[in-house]
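Trainee: All chains, full assembly: derive it from the sequences and hints.
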Amino acid sequence: MSCNDNQPISIDELANSSATVPEEKGNNSTFTTTEATNQPAPLMCTDVKLFNPDDPSCRATATAFLDYGSTATYITEELAALLNLPTIKREELSVSTFAGSKPMLMECSIHKIGIVTENGTKCLTVKSTTSLAKDVMQIIPDGNLSFCFVSIENDDVANPANHNKLCELVSRFWKLESVGILDNPDQRDDDECLKLFHNTIYYDSDEKRYVVTLPFKVDPVKVPDNYTLAYSRLRNQLKQLQQNPSYLERDHAVIKDQLQRGIIERVPAEDVHKPCHYLSHHGVLKRNDKDLKIRCVYDGSAKLKGSVSLNDTLYRGPVLLPNLVGILIRSRL
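Just so we're aligned, residue 815 is where the sequence shown starts under this note's numbering, counting upward by one.
Calculated from the structure, these hints are not laboratory results.
Treat the hints with care, since some could be wrong.
Lysine to aspartate or glutamate pairs mimicking EDC-like chemistry, simulated, CA-CA at most 16 angstroms apart [claimed, not checked]:
hint	residue 1	residue 2
1	Lys926	Glu891
2	Lys1031	Glu1006
3	Lys1117	Asp1039
4	Lys1009	Asp1033
5	Lys903	Glu921
6	Lys1031	Asp1004
7	Lys1031	Asp1071
8	Lys941	Asp1005
9	Lys941	Glu982
10	Lys1036	Asp1126
11	Lys916	Glu906
12	Lys926	Asp868
13	Lys1107	Glu1063
14	Lys941	Glu921
15	Lys1031	Asp881
16	Lys941	Glu892
17	Lys941	Glu905
18	Lys926	Asp881
19	Lys936	Glu891
20	Lys903	Glu891
21	Lys1031	Asp1003
22	Lys1036	Glu1063
23	Lys926	Glu905
24	Lys1107	Asp1071
25	Lys863	Glu932
26	Lys1088	Asp1039
27	Lys941	Asp1018
28	Lys1119	Asp1039
29	Lys936	Glu892
30	Lys1053	Glu1063
Per label pair, the in silico range of CB-to-CB distance [stated by the list, open to error]:
hint	residue 1	residue 2	range
31	Ile1143	Val1032	34 to 40 angstroms
32	Lys979	Cys872	26 to 32 angstroms
33	Glu982	Asp868	49 to 55 angstroms
34	Lys1088	Ile1143	35 to 41 angstroms
Just so you know, these numbers come straight off a predicted model, no measurement behind them.
Idealized CB from N, CA, C, for every residue including glycine.
Mentor: So, in C-alpha cells, the structure goes:
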C-alpha cells in the first residue's frame, strides 16, 4: 500500500505518536494499529572487576547480568582470551532454544576466574561459550526519513509439531472410540492352552477318570528345585497341627487317601537329593453343624527369591465363566 502524504516524517515523531489510518469509504479492509511506549525494561546488571587467579596482573572490567534462574556462570570466549584464562577441561552443553524440537549441543570450556568483592576476592568456576545471546541491534540513525507502509510476511515458529505427542493423542482417541473393546493380548496363550488340552486329554479306563498333562509354556520343562522351601513349610505346618492332635489326624487321613488314589506320590529315598520340584500344602478347615472337614490345598505359587514358581511355567488358560458384560447387556434387551 502506498502513502497518500509524501511529506517526510522522522522515526522519533512516529514513535511518540499513535499511528492512525483514515477510513476509506467503500473499503472493507481492517487495519490494526498499536501505540508505542517508552517504558524501560530494567535488568539486574552491575560492573564487576575480574582477574586471572594464576596471573593477578591480568585484569578486566565487565558487565555482569545477575540471573537467579541460572544453574551455572558463563563468560564469553573473548573475555577468557583477554584474561588469558587456562582451560581446565571441555564439556558438551545442551541448549534448548525457543520453538526448537531438540536441544542443541555445543562445546564449552571450563575456567577458573577471580572476582573482586567488597570483602576481598573470590574464585569462581565458569563456562565460556561462543555466543550468549543474539547480536545487539545498532542505534537507528535520527533524521528526516520518508515513511510508508510495506508488506511483510510472518513465519510460524511457535508450537512446532511433535511427532511423538501426535501419535499419543491419536492412540488415545482410538481407545476412546473403541469404548474399551480391544483385542485380548492373552487370547493367543489361551488358544495354545486349549490346543494342549485337547491333544493330551484321555480317559483312563482302569482308574475311571480323565487324565491330562499340565499345560507348560515351554518344552522341555524347567522348574527349579525347591526342596529347602518345601521342607521348611512342612515343618511349620506340622508344628501348627501338633497343637491340636485332632487336626493332625484329619490332615494325615487326607494325605493317605490322596496317596492311595494316586493324586500324589511318594518320593523314593534315592531321589530325595536329586533336582525335584515339590508342592507345599496347608489344610483349610471347613466347619458345619455335624462335622469338621479339612481340605488339603497345594501351593503352586510358592517360589524362592530370584526364581520362578510352578504356576509361572504354566499357561493360565481361558476364563470359561460367563462374561459379566454380556449378561448385563442381554438383561437390558
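Trainee: Against each hint, give a clear statement of whether it holds in the structure.
Mentor: Against the structure, the hints come out as follows:
A hinted pair counts as satisfied when its Cα atoms are at most 16 angstroms apart, and Lys926 with Glu891 qualifies at roughly 13 angstroms. Only pairs whose Cα atoms come within 16 angstroms are accepted, and Lys1031 paired with Glu1006 is accepted, the gap being roughly 9 angstroms. For the hint pairing Lys1117 with Asp1039, the CA-to-CA distance comes to about 10 angstroms; that is within 16 angstroms, so the pair holds. At roughly 15 angstroms between alpha-carbon atoms, Lys1009 and Asp1033 fall within 16 angstroms of each other, so this suggested pair holds.
Proposed proximity of Lys903 and Glu921 is supported: the alpha carbons are some 11 angstroms apart, at most 16 angstroms. At roughly 11 angstroms between alpha-carbon atoms, Lys1031 and Asp1004 fall within 16 angstroms of each other, so this suggested pair holds. Distance hint between Lys1031 and Asp1071 is unfulfilled; the C-alpha atoms sit about 31 angstroms from each other, more than 16 angstroms. For the hint linking Lys941 to Asp1005, the alpha-carbon distance of about 62 angstroms lies beyond 16 angstroms, and the restraint is violated.
The straight-line distance between the Cα atoms of Lys941 and Glu982 is roughly 38 angstroms, outside the 16 angstroms bound, and the hint therefore fails. Taken as a hint, the Lys1036 and Asp1126 pair is honoured in the structure, with Cα atoms around 10 angstroms apart against an allowance of 16 angstroms. At most 16 angstroms may separate the alpha-carbon atoms for a hinted pair to count; Lys916 and Glu906 meet this at roughly 15 angstroms. In summary, the hint linking Lys926 to Asp868 is supported, as the alpha carbons are separated by about 9 angstroms, within the 16 angstroms threshold.
Straight-line distance between C-alpha atoms of Lys1107 and Glu1063 comes to about 11 angstroms, which keeps the hinted pair within the 16 angstroms bound. Restraint check: the Cα-Cα separation between Lys941 and Glu921 comes to about 10 angstroms, which is no more than 16 angstroms; the hinted pair holds. Pair hint Lys1031 plus Asp881 does not hold up; C-alpha atoms about 61 angstroms apart against a cutoff of 16 angstroms. The hinted pair formed by Lys941 and Glu892 meets the criterion: a straight-line CA distance of about 12 angstroms does not exceed 16 angstroms.
For the hint pairing Lys941 with Glu905, the CA-to-CA distance comes to about 9 angstroms; that is within 16 angstroms, so the pair holds. Taken as a hint, the Lys926 and Asp881 pair is broken in the structure, with Cα atoms around 20 angstroms apart against an allowance of 16 angstroms. A C-alpha spacing of about 21 angstroms is found between Lys936 and Glu891, which places the hinted pair above 16 angstroms, so the restraint is violated. Note on Lys903 and Glu891: the hinted pairing holds, with a Cα-Cα distance of about 14 angstroms set against a maximum of 16 angstroms.
A C-alpha spacing of about 9 angstroms is found between Lys1031 and Asp1003, which places the hinted pair at or below 16 angstroms, so the restraint holds. Taking the CA atoms of Lys1036 and Glu1063, the gap is about 36 angstroms. The hint is violated against a cut of 16 angstroms. Using a Cα cut-off of 16 angstroms, the hinted pair Lys926 and Glu905 holds, with the two alpha carbons roughly 15 angstroms apart. Between Lys1107 and Asp1071 the alpha-carbon distance is near 14 angstroms, which keeps this suggested pair within the 16 angstroms criterion.
Restraint check for Lys863 and Glu932: the C-alpha separation of about 11 angstroms stays at or below 16 angstroms, so the hint holds. Annotation: proposed proximity of Lys1088 to Asp1039 holds, straight-line Cα distance about 8 angstroms (limit 16 angstroms). Of the pairs offered as hints, the one joining Lys941 and Asp1018 is violated, with about 83 angstroms between alpha carbons and a cut-off of 16 angstroms exceeded. Straight-line distance between C-alpha atoms of Lys1119 and Asp1039 comes to about 12 angstroms, which keeps the hinted pair within the 16 angstroms bound.
At most 16 angstroms may separate the alpha-carbon atoms for a hinted pair to count; Lys936 and Glu892 exceed this at roughly 21 angstroms. Among the hinted pairs, Lys1053 with Glu1063 is consistent with the structure: their alpha-carbon atoms are about 13 angstroms apart, no more than 16 angstroms. A hinted range of 34 to 40 angstroms holds for the C-beta pair Ile1143 and Val1032, which are about 39 angstroms apart. Between Lys979 and Cys872 the CB atoms are about 50 angstroms apart, so this pair departs from the stated range of 26 to 32 angstroms.
At roughly 53 angstroms, the beta-carbon separation of Glu982 and Asp868 lies within the given 49 to 55 angstroms, and the hint holds. Restraint check, Lys1088 to Ile1143: a C-beta distance of roughly 55 angstroms breaks the suggested window 35 to 41 angstroms.
Of the numbered hints stated above, those contradicted by the structure are hints 7, 8, 9, 15, 18, 19, 22, 27, 29, 32 and 34, listed in ascending order.
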